[in-house]
Amino acid sequence: MDALNSANLPDIAGMPDRDKQELQQFIKNETQKSNIQQSIHSLTDMCFRKCITAKPSSGKLDKYEEPCMQNCVDRFMDANNLILKQLEAMRTA
Amino acid sequence: MDSFNTTVAGSDPKSQIMNQIRQEAAMHNARQLIEKINEHCFERCIPKPGTSISRGEESCFSSCMEKYMSSWNAISRQYVQRIQKEQAAQEAGGFGGI
Numbered sequence: 001m002d003a004l005n006s007a008n009l010p011d012i013a014g015m016p017d018r019d020k021q022e023l024q025q026f027i028k029n030e031t032q033k034s035n036i037q038q039s040i041h042s043l044t045d046m047c048f049r050k051c052i053t054a055k056p057s058s059g060k061l062d063k064y065e066e067p068c069m070q071n072c073v074d075r076f077m078d079a080n081n082l083i084l085k086q087l088e089a090m091r092t093a
Numbered sequence: 001m002d003s004f005n006t007t008v009a010g011s012d013p014k015s016q017i018m019n020q021i022r023q024e025a026a027m028h029n030a031r032q033l034i035e036k037i038n039e040h041c042f043e044r045c046i047p048k049p050g051t052s053i054s055r056g057e058e059s060c061f062s063s064c065m066e067k068y069m070s071s072w073n074a075i076s077r078q079y080v081q082r083i084q085k086e087q088a089a090q091e092a093g094g095f096g097g098i
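First to last, the sequence lines map onto chains D and C.
Residue 40 in our numbering sits at position 40 of the first sequence, with consecutive numbering throughout.
Residue 29 in our numbering sits at position 29 of the second sequence, with consecutive numbering throughout.
Treat the hints with caution; some may be incorrect.
[Stated by the list, open to error] The calculated lysine-lysine pairs, modelled on DSS-like cross-linking and capped at a C-alpha distance of 25 Å, are:
{"id": "1", "chain 1": "D", "residue 1": "Lys50", "chain 2": "D", "residue 2": "Lys60"}
{"id": "2", "chain 1": "C", "residue 1": "Lys48", "chain 2": "C", "residue 2": "Lys36"}
{"id": "3", "chain 1": "D", "residue 1": "Lys33", "chain 2": "C", "residue 2": "Lys48"}
{"id": "4", "chain 1": "C", "residue 1": "Lys85", "chain 2": "D", "residue 2": "Lys85"}
{"id": "5", "chain 1": "C", "residue 1": "Lys36", "chain 2": "D", "residue 2": "Lys20"}
{"id": "6", "chain 1": "C", "residue 1": "Lys85", "chain 2": "D", "residue 2": "Lys55"}
{"id": "7", "chain 1": "C", "residue 1": "Lys14", "chain 2": "D", "residue 2": "Lys50"}
{"id": "8", "chain 1": "D", "residue 1": "Lys28", "chain 2": "C", "residue 2": "Lys85"}
{"id": "9", "chain 1": "D", "residue 1": "Lys63", "chain 2": "D", "residue 2": "Lys50"}
{"id": "10", "chain 1": "C", "residue 1": "Lys14", "chain 2": "D", "residue 2": "Lys33"}
{"id": "11", "chain 1": "C", "residue 1": "Lys48", "chain 2": "D", "residue 2": "Lys28"}
{"id": "12", "chain 1": "C", "residue 1": "Lys14", "chain 2": "D", "residue 2": "Lys60"}
Simulated from the structure, these hints should not be mistaken for laboratory data.
So here's chain D without its partners, still in its complex pose:
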């Protein structure tokens, strides 16, 4: 973060409009990517706790762990949708 404030800050003001637009789009995309990565981090944190219960003895996910991970993601998303639906129902009730 602080690196952006350093003295070798690129000249943004003198940038052609086309570059500015491209940069804006780029930042939008990167922000979205970063948000998705953030969600993956917190899902991995949660699902690892739930699905990997034994002391790790191999680096690969075994035949129970892999589907558990997939279910964990899907059920979390289902739960998320369920809450949204429920809230929507409360709002219109």
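For this one, chain D is given, so just place chain C on it according to the hints.
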């Protein structure tokens, strides 16, 4: 990395900024992964800290690390697949997911 390698970093302000953003994003992501791995694997592999890390603990750590990364990849695949599916459903007129 990609197409931007053709321009020398620092020559034009736009790619300079883009590269910096890419770098910081990658750094942030890696730092977070390391933090999580340490947190989980320490809890799993070193339940009772001794005077040094034993051989068994060390091998537990390396399996745990690999396993956490495999988990990250599995979750990533599943999550991206899921949001794409929901997005497609939304565009087709289904109910809004996230």
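Against the structure, the hints:
no., hint, verdict
1, D/Lys50 x D/Lys60, "holds, 16 Å"
2, C/Lys48 x C/Lys36, "holds, 19 Å"
3, D/Lys33 x C/Lys48, "violated, 39 Å"
4, C/Lys85 x D/Lys85, "holds, 18 Å"
5, C/Lys36 x D/Lys20, "violated, 36 Å"
6, C/Lys85 x D/Lys55, "violated, 34 Å"
7, C/Lys14 x D/Lys50, "violated, 44 Å"
8, D/Lys28 x C/Lys85, "holds, 22 Å"
9, D/Lys63 x D/Lys50, "holds, 15 Å"
10, C/Lys14 x D/Lys33, "holds, 19 Å"
11, C/Lys48 x D/Lys28, "violated, 46 Å"
12, C/Lys14 x D/Lys60, "violated, 41 Å"
Violated hints, in rising order: 3, 5, 6, 7, 11, 12; the structure is consistent with all others.
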